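J.: Here's the letter readout for the chains.
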Amino acid sequence: KAGVTQTPRYLIKTRGQQVTLSCSPISGHRSVSWYQQTPGQGLQFLFEYFSETQRNKGNFPGRFSGRQFSNSRSEMNVSTLELGDSALYLCASSLEVSSKVFGPGTRLTVL
Amino acid sequence: DQQVKQNSPSLSVQEGRISILNCDYTNSMFDYFLWYKKYPAEGPTFLISISSIKDKNEDGRFTVFLNKSAKHLSLHIVPSQPGDSAVYFCAASEMGGSQGNLIFGKGTKLSVKP
Chain Z
877 KAGVTQTPRY
887 LIKTRGQQVT
897 LSCSPISGHR
907 SVSWYQQTPG
917 QGLQFLFEYF
927 SETQRNKGNF
937 PGRFSGRQFS
947 NSRSEMNVST
957 LELGDSALYL
967 CASSLEVSSK
977 VFGPGTRLTV
987 L
Chain U
16 DQQVKQNSPS
26 LSVQEGRISI
36 LNCDYTNSMF
46 DYFLWYKKYP
56 AEGPTFLISI
66 SSIKDKNEDG
76 RFTVFLNKSA
86 KHLSLHIVPS
96 QPGDSAVYFC
106 AASEMGGSQG
116 NLIFGKGTKL
126 SVKP
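Protein chains in written order, with the working numbering: chain Z, 877 to 987; chain U, 16 to 129.
Derived by calculation from the structure, the hints in this document are not laboratory data. Just so it is clear, the structure is predicted and the values come from calculations on it, not from any experiment. Watch out, some of these pointers could steer you wrong.
Simulated restraints, written as ranges between beta carbons of each label pair [said to hold, decoys possible]:
| no. | chain 1 | residue 1 | chain 2 | residue 2 | range |
| --- | --- | --- | --- | --- | --- |
| 1 | U | Q18 | Z | T883 | 45 to 51 Å |
| 2 | U | M44 | Z | S955 | 41 to 47 Å |
| 3 | Z | S955 | U | T60 | 28 to 34 Å |
| 4 | Z | R931 | U | S67 | 17 to 23 Å |
| 5 | U | N22 | Z | E928 | 26 to 32 Å |
| 6 | Z | Q930 | U | S67 | 36 to 42 Å |
| 7 | Z | S927 | U | G31 | 46 to 52 Å |
Chain U side only, calculated, beta carbon under 10 Å to chain Z, not exhaustive [to be verified]:
| no. | residue |
| --- | --- |
| 8 | F80 |
| 9 | K83 |
| 10 | N116 |
| 11 | L117 |
| 12 | F119 |
| 13 | K121 |
| 14 | S126 |
| 15 | P129 |
Yeah, the Cβ is synthetic: ideal placement off N, Cα and C, and Gly gets one too.
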């Protein structure tokens, strides 16, 4: 059974640019959540999508957005990148919270 | 305001001994708690969970204890093995875990020495 796939694994951008990250959940999982991990803040919840609808949203500015497609694949977008956006972005898919499976993450570096 | 706190950034334990990782929470609406383990360059891996209707859950070498009155939970690993060396995250959820919003602590780095 394939795990959660995230692309790209590594990304370098400059301030002001925008970026799109992709997540393919485990087959059959309809819920996809996104988290940001930084050394100082740990893992912070960004948003959750279920059946193409945003079900929950964390406390992040509007520059962070996401969407989910009919095949449950999800993308998140960050516009007008700032240095502080440098982080590991993790995607997790699940049927229920207890079965949440995380992908390997996308390491974003903003220069 | 941090709702889930792991006050020990690191812990070092001898192989074969017990590892105890602690976690405190402030939100009384949390009713489902989880522990994740994370190796560098990998995503977190689910370890064990506990519902607020229980005070203990055991899975092999891993046991989670929940003290609701103290808003405190702990993860016990017995016996500790070098392969357990990783960052451990405590996480909490409302609504019995039916939705995906997990609130994580900042993690505790466990080092198990041979």
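J.: Under the constraints set out in the numbered hints, which ones does this structure not fulfil?
T.: When the structure is compared with the hints, numbers 1, 2, 5, 6, 8, 9, 14, 15 turn out to be violated.
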